[in-house]
Every structure is written in structure tokens, then in C-alpha cells.
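Asker: Numbering of the sequence shown is given in the numbering used here, commencing with residue 1 and proceeding in unit increments.
Hints in this document: simulated from the structure, not taken from any laboratory.
Just so it is clear, the structure is predicted and the values come from calculations on it, not from any experiment.
From the three backbone atoms N, C-alpha and C, an ideal C-beta is built for every residue, glycine too.
If a hint is listed, it holds; no wrong ones were tucked in.
Per label pair, the in silico range of CB-to-CB distance:
#1 Gln131 x Arg188: 21 to 29 Å
#2 Pro140 x Gly68: 36 to 44 Å
#3 Gln147 x Pro67: 48 to 56 Å
#4 Leu109 x Gly185: 56 to 64 Å
#5 Gly209 x Asn65: 22 to 30 Å
#6 Gly185 x Val116: 45 to 53 Å
#7 Ile63 x Ser215: 17 to 25 Å
#8 His184 x Ser143: 18 to 26 Å
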Amino acid sequence: MSDASNADTGQEAPVAAAAGGTAQSGATALTIATRAAIPLGYAVVVAVFVALGIQGDLFARLIRNDPGAVGASFTVAIIAVVVPLVAFAVTGTSTHTAARWIRIAADVLGAVLLVVAAVIAVKAGVESYGQREQPSLSVPAVSQDAQELATVQVSSSALSLRTADRMLLRVVAFSGDIGVNDAHGICRDTSRPEPDVEGVKLLYWGESGPTVTGSATASASVQVDTAEYPYVCALAVLTNQETDSVEATRLSSILIDVTAAAQE
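Construct the entire structure; sequences and hints are all you get.
Answerer: Here you go:
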């Protein structure tokens, strides 16, 4: 009886060892598959963005503006690659019908998820081209001569303009009778100003359209009598030429105390 028990134990040991080895190899294959899926999924989504021309600064802008869509596309793509690899790691090359169906289902699911990831990436990429930046506005130099005439230089630029868009640059001077808060409100009024309203003087009004790349620039150099007009306001606003409408959110303004700025 003792010999029979020993014989049974001796037969079970190799079987247990073989089962342990199979489980260990399966776990190793699963780990390798998971690690391989991340760069593969990443590569698929990046390839889509590159095909759309979204690289460098454009890609960084896309992440800032729509991080959820970018994250979703990468996540789905990684899962799409993980699913077939995991199925293969679990079933191996088994010819059993169930194992084959598992691999087929995993491959189909992975392909569908990969298409979904590509669609999310394409949608996010295309929409990113339609997102419009604010115009930038700067006053690089203010100088004043002995006759209290100040020269103010203003420059503005804008990106992502559509063909029908145009950028307007307006420079207005305000008398000391107008408070700063009132001057700022009048300055940001996007309606076309009258040339000479009481206490307000129009110094410059110009328009510029976009280039082929969708950018526009405008600059002006104006002189103002600081004794009469101590404040100058510059406004850059983007409008649509076809509808002649102004989007209130697409404008930038700068209000300057010319006397103080000239002394700096």
C-alpha cells in the first residue's frame, strides 16, 4: 500500500509542476502582451494625428483644448491592441474550437476598438482646426517729445482665421475728463466709432485679411497730444466679413496711460 501511494505521489508531482510552468508562462506572456500594447496603441493614434498634420505646437494646443478626446483616443487604442494579445497569451496556439473562437472574437473586438480610437482621433483633430485663438495685441514702444506729443506703436496678430474673417485694429485717444473704467468700456465697444466724439479721438482704424496659413497682422504708429489726451486704447477684434458680425469673445484690448508709459 505504501509503495502504491508513493507511486501516485510521484506521478502527481510532474503534473503539478507542468501546470505551474504553464501558468507561469501564461502570466509572462500576458505581461509581455500588455507592455507591447501601450507603444502599439500609442503609435496608431499618433499616426492618425500625423496624417492630419497635427504635430508639435498644434498637438500641444489640441491637448490643452481637448484633453478628454486625446486621452480617450489613446486609451481605446491601447485597449484595442491589448485585447487580441491577451487572448493569444491565454489560449496560446490551442486548436480547440473554444480557443479559436476566443481569439477570433478578440481580434474582431480589437479591430473595432482600433477604428473607434481612430475616429475619436480624427474628430478631435479636425475640430482642433476650427478652434479659434484670441488676437494678440502689444504696444512695443511709447515715446514723448518736448512738445508733449507721444508716439505710440501698436501691433496685433491673429491665427486660425477663416477665409472670410478679417482682423480690425483700432486706436483711440481719451481726454482726462473720461474715467479709466468708462474709457475701457468705450474702447471694447466693437461698433464702428465716430471720428471725433467729445472726449474721444479716433487715431487709427485698419483692417487686414488672413494669409493662406490663416494668420493676419496689423500695426500702427500714431501721435497724440498727451496734455489733451492722456489715455490711449488699442483694440484688436476678429470679425466675419460675410455676416459682418463681431464675435465678442474674440477681441483683445490695451488701455495705456501715455504719460506714465513714456516716462518708463
